[in-house]
Amino acid sequence: MSEKQFEEQLKKKFEDYEIPVTPNVWQNVAKGVGGKSALIAASYKWLIAGMIVGGGAIGAYLTLARSSNSAVLTAAQNQENKTSLDFQDSPKNGESNSSVQLNSVGDSEGQTISNLANSSVEVRVHNKGNAGLQGNNVEKMVSSKESPIESSTFSTAKTHCVGAEVSFNSPSTPDDVSFLWNFGDGSFSNESNPKHKYLNPGTYIVSLSVSGHKSAQINTMNMSETITILTTPKADFDWTFDNVESGKPVVSIDNNSEAAIGFEWNFHDGKKSHDFKPNKVINASGKFPISITAIHENGCKDTKIKYVSINDNSQLQAPAQTLAGEGFMPESLKDLKGSFVMGIYDNGKKIFETKTIKRPWTGIDANGRYHEVNKQYTWIIITKENNNGASNYYSGKVLLKP
Amino acid sequence: MPDTRIILDLVSGSIRGEHRSQELIYKMFAGKMKVVCIRYLKSREDAEDVLQEGFIKIFNLLPQYSGSGSFEGWMRRIFVNLCIDVIRKNKKISFVSGDKMEIADEESASIPEDSAMPDFTPEDVLVAMGTLTPVYRMVFNLIAFEDYSHQEVSEKLGISVGTSKSNYFKAKKNIQRILINQNTKENERKAI
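Protein chains in written order, with the working numbering: chain A, 3 to 404; chain B, 4 to 195.
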């Protein structure tokens, strides 16, 4: 092992080595930087503009030594496939614009660049007139001849909803190229046609960098495009059985959706509702889906499904009769992993409610008097299971004996 | 590594105060810069403290970045300087020559010339570098990783060129010895 070998090896091992950083470091950095105000005040020593010119597939960078606040590099392409580039200095304190033209191709004084497909172009930015830019700024452009890419469009639709899978397609390329997608939200991909889900609304600049190897020369082409991710509403609801006599339980709904302006409810019987809070009568026993689709004003949607169960009473092992003072409580509630509410009804009027097996129905009212004996009372029990939040409805009758 | 265009876009976005660009720059480089800091400071907690301070500094200094030259290199120099400052402040190290280290000369010289190149990971090197004193670590870092000459190290740390050379030599030998020993142990374990 020579010293040099060791030293080289050492450096190489660390080239792409990273150690994860605890998340709060970034939070503290973000706080410390303080967002826009801290940096915006700093004078712009330089500015970079990037652009894509349709058809020609070129990229331009502009580096400027200057102190004013902004500048825009624009590109326009006319019908003869000539691209003109224009550098527009921003107005400053009411001064008129000072325009700077990009002169093309070596010593040529032309202000348009033609035949992009066949030329390699170097662009120099010169000061035009007295106002505005200072100094010479050299830029390099890559023509489409050098580029490994034939076309310069890669986008799918420009607008998507949060959480939707967005597909990106690279332009048709020769085989021997590598891709780097920057989705603009901190995620990257090396696939040619990746899919990506955005988790927050906003505007993202998606860029694609394609590198190809032609004649032992690496050519890189960059493209970028803005896509907009729209807020997706959150669909959610809770439901309970309304306290009514057995047989026809009414499902009463609490709509907990967020950021929605419209709703579509779908019920087990094929009926729909667009109400904010519909009620639904269920006539049969079984397990029924209720779904809500919440719609944002921008058109994004979210759907949630929950199930309502109307159950066979025998499952609860409720006694058919009870002695006054003894205490009515179906056996199987003792094993329930979750919560329940039991109501006792006399001709549709609730006369007793309990949520614990320690307090069964004794047939005695709040004043210590027995309810009418030798009479049938309706019980309704609604359980909620801990593990999945599923809710079950049970109902039956019990005879109060003296 | 993302190409220059993406980095420059993010840098200009950060200067405009775009939070997302700043976060992206941070995410691209934080893990790497943490490695740089650990190499100097040994302690991972200290490294994260410097990371935090360093990135705040970097975002405030971004308008001074010329746009030419490696952005990572520019960022790295800021971290290296911060780490050296921290060592100076915390350890109250005397930068005069003759910093004591528990490496006997004969020990460090006891590596046969024909030893095979040890197989090691960056983590192994970090552990080995952790056995060095802060000054040896600084000298070793500057020369092995930052391409400083002994003259430049001498100026930066205020030590003589001779001290820089001997510190670097001893530090390197110590690291090699640890890596080779570790390899031997692993091979023995495999043999069993």
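Among the hints, erroneous ones may be present.
[Stated by the list, open to error] Here are some, though not all, of the chain B residues that point toward chain A, as calculated from beta-carbon distances under 10 Å: (1) Val128; (2) Val130; (3) Ala147; (4) Tyr151; (5) Gln154; (6) Val164.
Calculated directly from the structure, the hints in this document are not laboratory data.
The beta carbon of each residue, even a glycine, is placed where N, CA and C say it ideally should be.
Check: Hints broken by the structure, by number, lowest first?
Finding: Violated hints (numbers, rising): 2, 4, 5, 6; every other hint is consistent with the structure.
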